[in-house]
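*Asks:* Chain residues, written in single-letter form:
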Amino acid sequence: MTERESNRDESLSEVVSDSDSTPAVRTGVPEIRQGVLELEHVFTSLADSRRRYLLYSLGSENEWSLTEVATKVAAWEMDIPKGEVPQDEIEKTYASLYHVHVPKLVDEKVIEFDEANETIHPGEHTEQVVSALAGVGASLDADQETHARSEFDDEGN
Amino acid sequence: MTKATDGDDTGVSEESEWNLVQQAQYDQDGRHDLTTTIISAIADAEGVSLTEVDKPILYECVDVTALEDAFFGPYVEGHSRDSVSTAEFEYGDYRVVIKSDGWISVYERS
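Listed in order, the protein sequences are those of chains F and A.
Count the first sequence with our numbering and you get residues 928 to 1084, in order.
Count the second sequence with our numbering and you get residues 25 to 134, in order.
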């Protein structure tokens, strides 16, 4: 190991071990506050494409019925207009959201779910997670999600 | 509760009295996830529509996402995992057995 590499390793371990301040990790990428690395609910919430679609929806409204969200997600995945999604596809997507993704996001305090009305509302961490998602969208380009994003932007007005 | 087993065909031990009431095949290349396939099988077993299966919430019974990753996750060095594993859990009054070849079996206590 050269002296220069060794110095770099030391400075990195300093950054990682220092939890009182929020130093930037210097790797040539934009500055990242260490606290960001610990935002488990952000990364867990965004790990699944259906949860990301659901969160795009939340960005533009304060309340969604789960059926509406299921219809939007199915339309995005099938790349067809919402009005053309067959009923059984809506129901299958609904089952997936209802039984796994919604409870997961409720657990992470990203959304609130009103069981009686089957509606989704923003939760404590919504803004943080949606901001992270918007940040990713600003720097990366994935075909499907760009598609979802354009719809999100359209409806946000 | 989830219990991973290997060896026997059904994953349900012989001394327990469970009757097979429904089977379904999970298509990992399809648009729908393992959750939807499990809930569809339960709905068929109960003779109701998919959206009527609302209690219990599957998330509270088993971590389906973990099962999906473990059994049907990314290919390993270009090959799928060849050995067949089984996991089982209880969903309400049913016992559900998932095999890594994609077969889902729903049992009812006799």
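Be aware that one or more of the hints could be misleading.
Within a straight-line C-alpha distance of at most 30 Å, the following computed DSS-like cross-link-like pairs (lysine-lysine) qualify [said to hold, decoys possible]:
| # | chain 1 | residue 1 | chain 2 | residue 2 |
| --- | --- | --- | --- | --- |
| 1 | F | 1009 | F | 1036 |
| 2 | A | 79 | F | 1031 |
| 3 | F | 1009 | A | 123 |
| 4 | A | 79 | F | 1036 |
| 5 | A | 79 | A | 123 |
| 6 | F | 1031 | F | 1009 |
| 7 | F | 1031 | A | 123 |
Read the hints as simulated data drawn from the structure, not as lab findings.
All values reported here derive from a predicted model rather than from experimental measurement.
*Asks:* It remains to establish, for every hint, whether it holds in the given structure.
*Replies:* Against the structure, the hints come out as follows:
This hinted pair checks out: residue 1009/F and residue 1036/F have alpha carbons roughly 28 Å apart, not beyond 30 Å. Between the alpha carbons of residue 79/A and residue 1031/F the distance comes to roughly 16 Å, so the proposed pair stays at or under 30 Å and holds. Annotation: proposed proximity of residue 1009/F to residue 123/A is violated, straight-line Cα distance about 35 Å (limit 30 Å). The suggested pairing of residue 79/A with residue 1036/F holds, with an alpha-carbon distance near 21 Å, which does not exceed 30 Å.
Of the pairs offered as hints, the one joining residue 79/A and residue 123/A holds, with about 23 Å between alpha carbons and a cut-off of 30 Å not exceeded. For the hint linking residue 1031/F to residue 1009/F, the alpha-carbon distance of about 25 Å falls within 30 Å, and the restraint holds. Of the pairs offered as hints, the one joining residue 1031/F and residue 123/A holds, with about 24 Å between alpha carbons and a cut-off of 30 Å not exceeded.
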